[in-house]
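Undergrad: Letter by letter, the chains look like this.
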Amino acid sequence: MSTPHKLPRSSSFRVVDVIGTAAGGLGSRKLRTVLSALGITIGIGAMVAVLGLSRSGSAELEDRIAALGTNLLRVTAGQGFGGGDATLPEDAVAMISRIGPVESVSAVGTVDQSVLLNDLVNPNQTGGLSVKTAESNLVVALNGSVDVGRFLDDTTGTATTTVLGSVAAERLGVRDIDGTQVLIGGEWFTVVGVLNSFDDDTDDVDTSLFNDLDRAAFIGPDIAEALFETPRNPDTIYVRSNEAFIDDVIGVLPGTADPESPEEVEVVRPSDALEAQEAASSTFDNLFLGLGAVALLVGGIGIANVMVIAVIERRNEIGLRRALGATRAHIRRQFLLEALLLSALGGVAGVLLGAAVTALWADRQGWRVVIPPEAIGGGLIAAVLIGALAGLYPAVRAARLAPTEALRAS
Amino acid sequence: MNVTGTPPDDYPALELIDVVKEYPGAPPVRALDGVNLSVAQGELAAIVGPSGSGKSTMLHVMGTLDRPTSGSVRIAGHEVSSLSDRRLSAVRSALVGFVFQQFFLLDGDSAIDNVATGLLYSGEPLRKRRAAAATTLDRVGLGHRLHHRPNELSGGERQRVAIARALVARPALVLADEPTGNLDSKTSDSIQQLLHELHDEGATIIVVTHDNDLADSLPRQVRFRDGRIEHDSAWVSQ
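Those protein sequence lines, which keep their order, are chains A and B.
Residue numbers -19 to 390, in this note's numbering, belong to the letters of the first sequence in order.
Residue numbers 4 to 241, in this note's numbering, belong to the letters of the second sequence in order.
Quick caveat, the hints were computed from the structure, so don't treat them as lab data.
Glycine included, C-beta positions come from ideal geometry on N, C-alpha and C.
Mixed in with the good hints there might be a few duds.
Claimed, not checked - With a straight-line Cα cutoff of 20 Å, these simulated EDC-like cross-link-like pairs (lysine to aspartate or glutamate) come out:
| no. | chain 1 | residue 1 | chain 2 | residue 2 |
| --- | --- | --- | --- | --- |
| 1 | A | K10 | B | D112 |
| 2 | A | K(-14) | B | D88 |
| 3 | A | K(-14) | B | E127 |
| 4 | A | K(-14) | B | E82 |
| 5 | B | K189 | B | E204 |
To be verified - Simulated coverage check for chain A against chain B, where a stretch passes if three residues somewhere in it have a Cβ under 8 Å from a Cβ of chain B:
| no. | stretch |
| --- | --- |
| 6 | 3 to 16 |
| 7 | 207 to 217 |
| 8 | 295 to 303 |
With the rest of the complex left out, here is chain B (with noise of 0.2 Å):
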């Protein structure tokens, strides 16, 4: 499956092999039906589907969020897919970075202080925690912002601080559920950009999305039907 010309000595930021995942019910949903997908280091790509195609379950199996009922699911080279929930907190902790649609800021804390809670499950101390906050909301071009809270933030800026929080930890891979889906069109527009830009740094980015526009911006798409994937943009160019 190593489909994008991926350096033979580098692992793919995720790998997902076989991948199934039943929900239990009589009989039983299959959410993912044998899914296969790799994702080099630094590629922005799509996961797009229409409502109830698999991509939430997607979203969660890749962030780790949940397990797999069958199949791998590799992490920067780290096989996941079985680990304990401590050992699964770790991952989330060290190797993946969320964007939520919602934000999902805390309303007591200032942006610069949001953008350091990606780390404070690291064990790394306030003081850098807040200096690498700093340098990583510069990073989003809201370095004249640290200090204001989310309500006194535009949407588009809430959301750059949470793109913030999801890249303060360098992972290794970043997941972006609708990241565009509640700003208006001029605001979702500045979000894309700067995913490209994020991009052409060097992140790894994966956004899941219904909305083709946002989708077919990006390099690449993924494109979910039923739990399977029914095109990879990266097929044709293989």
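Chain A with its partners taken away, still in its complex shape (with noise of 0.2 Å):
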């Protein structure tokens, strides 16, 4: 031991290893690390699916407002004052057609008849389905698509030729058009096309736009005449519009639709629903948010309350290390950390937790999963600040214990 003992100016603790050693200090303790990390899992997992989920719901409606176009509008005849469902006048489409920044019109009339599969089915058995006249424009003017075969045209319009919507098609088990017939209102109808949801975003029927076409079989209002005697007055006009004049247009309508009585005609903008859902989901959005925050907020008192417990407990290794050659910021460093890693486990865990939740949930709905990144980076920047917060009291109390009193036996 003759060696000439040279005094460092310093000790030093290297940036691996204080890693390394608050890491060791969590892992060494993992059921307590697990525990006190779950907290701000929950906070963080939380926000993130919240985030997420609202994100993917939005993307959801988007695609079907832009499926539907904003610049679509329905015009209905409302109730009349004197109760009964009132019709809109028979020349309401040719009226609409001209006012200037109309691009197309189309008009679905209802059919006083039942469908049905086959003569054995009893009549008043309907199963929810209707028989709707249209004319030849429809799909086209609502962004719609057929599925099989082709909708009515000038020729098919006039004939004993149905098209099925989706719903209606499925409820009378028609998959294929080879001369399938059904019957509507005692006559034999054969159908010439099957068309595919309205509103094909969404997996709900029941929250479809357009949920009374998809349930409904299309005659031409001609074959309806004379069929049925079905007065040729259309009920729902649907018009779209140049999507700049869409405000003047949907001013004139009423008038232009009913003149005799304006009041009684209803014009909506489908596009309308879906952004007030937009709207309204976002005001849940921030409910769970703030719950969320609240969740993270306990987690972080949490990971604050172990580490002024792990302080104590941990008395005599602050004292080792400070018998070792650990200064007081060697200490601080190395609780803080600890404090740090025990958040950023936790928020990691959160984020994973979070777009899992959003992932199947999104999924199940038949969304597209939309996990927004600043979700995922704002929740490790939220982990890692609490952790800070959180660590820094119990970590300046640890720096400052003296040596002689933390090695004191406990």
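From the two separate chains plus the hints, produce the assembled complex.
TA: As structure tokens, this is what we get:
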């Protein structure tokens, strides 16, 4: 031991060793580490899931709005003052077509008959299906599409032929159109086409904006009039307008559609309903984000609590480390990093949990899975900030402990 | 105070000159009352005394865990009595090794990692720390227990790990605080034996104890009473 002992200016604690020591401290108390990180996991998980689900839901609504087009208007007769279903005047379509910015107009009327698969079925069991008259441009006007066959045209619209909406085809068990016939109002009609759902982007038939059309069997107005004496008054008119003038069009539509009783005409912009849904869901988002923030706060307090206890419990370890040459700063760094790792661990687990919940739920809803990167980044940053805040006080306390005090037998 | 025949060109491992340590109070408690002590390099000495004699304070002051109220403390020739907390940490990391009665091993770490902790604050990379730890564990007779955790080791083995940790940085001075206090007599004897072996290899070791038997088995005894050195066996040989 005759080698000269040089005194370094300071002891040193390499960054990798700080990390290793902090990780080791957590690793040797696994259960406690997991339990105390859990609060952060739940908080971050909730926030990521809320943001992810709301974004996935919005993406879904945006897709539907895009498919629908924001320039579509629906004109209905509404309820007459005397009660009962009012109808629109026969020449409403022609009148509306004359409005300058209107690009296309298509009318649907009600046929007071039922559609049945065959004559063995009880005519009163309509299965919620209806018969409607449609013009040949209906599918185009609504951005719809034909699944099998074709839609009614000028020829088939005057014959005993029908085209089934998606739900109607399903309920009637019609899958192909090879001479399939259905019974409408006691007359055999040949099925020439089956449509896709008009609101194709949602799997949920009940929330479909065109529920009524999907459940309809369409026939031409001429044949309806000829066979069933159906009046030619439409009850719903779909209007595509130049989007720039849509407010003006909405303004003049009631008076144009029914000059005698414009107050009974109802004009709806279907995309508004979706946009309202989007707005409504974002108010819930704020609620859940708030709950997530509370969970996060509780998680942060949990970590602070665990770290304060750790400093008391590990007094001897702190004393030992001071005796081995750790400076106050080294002790502070170790405990701060432990808190940071703890919350980062919780944060990563929370992001994974939130993403998993989003993916599972969105998948179940048939939505596009959207996990916003800012939710992932924000979640991790929030976790680390909370860890820093929660760890600061315990770390400072650990560092302030005098070595002689810390080494006292507990 | 150069009483043990230190070679003139060599400084003592530890030198205390007129060291006073007072704790505030009314009246203040004087735990060390003018202590002069020199321990040469390679010595194995006991600081012995009943509780309250000031030997714990001695341990703290010698180990730079606490500063004296007045007087001079030199370790391997370095004056340490007025250094900042940061500099004192450097002294402890490079010049002083500690052995505690309660071992103070880290439960989650294997023997080799516990010993390597003795070099943690030296800035050495892990590979070198582990290599030095393995060598030192071998030296205390635990070369076959490198990867056992403290709860898999006997009390004597744990204390050997703690001694290896104190030695691994090759300090100028090893301070052992009641190193056999938590051990049965048979294990105590083996630890005593180990201290002698390390002494023979050249380590400077000061054992702080209230155990007269342990103290008497060592080459030198410094007896404390009421904060003063009551008797130092080195005086006799003078």
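Undergrad: Does each hint fit the structure? Answer for all of them.
TA: Against the structure, the hints:
| no. | hint | in the structure |
| --- | --- | --- |
| 1 | A/K10 / B/D112 | 14 Å, holds |
| 2 | A/K(-14) / B/D88 | 18 Å, holds |
| 3 | A/K(-14) / B/E127 | 15 Å, holds |
| 4 | A/K(-14) / B/E82 | 12 Å, holds |
| 5 | B/K189 / B/E204 | 23 Å, violated |
| 6 | 3 to 16 | holds (count 5) |
| 7 | 207 to 217 | violated (count 0) |
| 8 | 295 to 303 | holds (count 7) |
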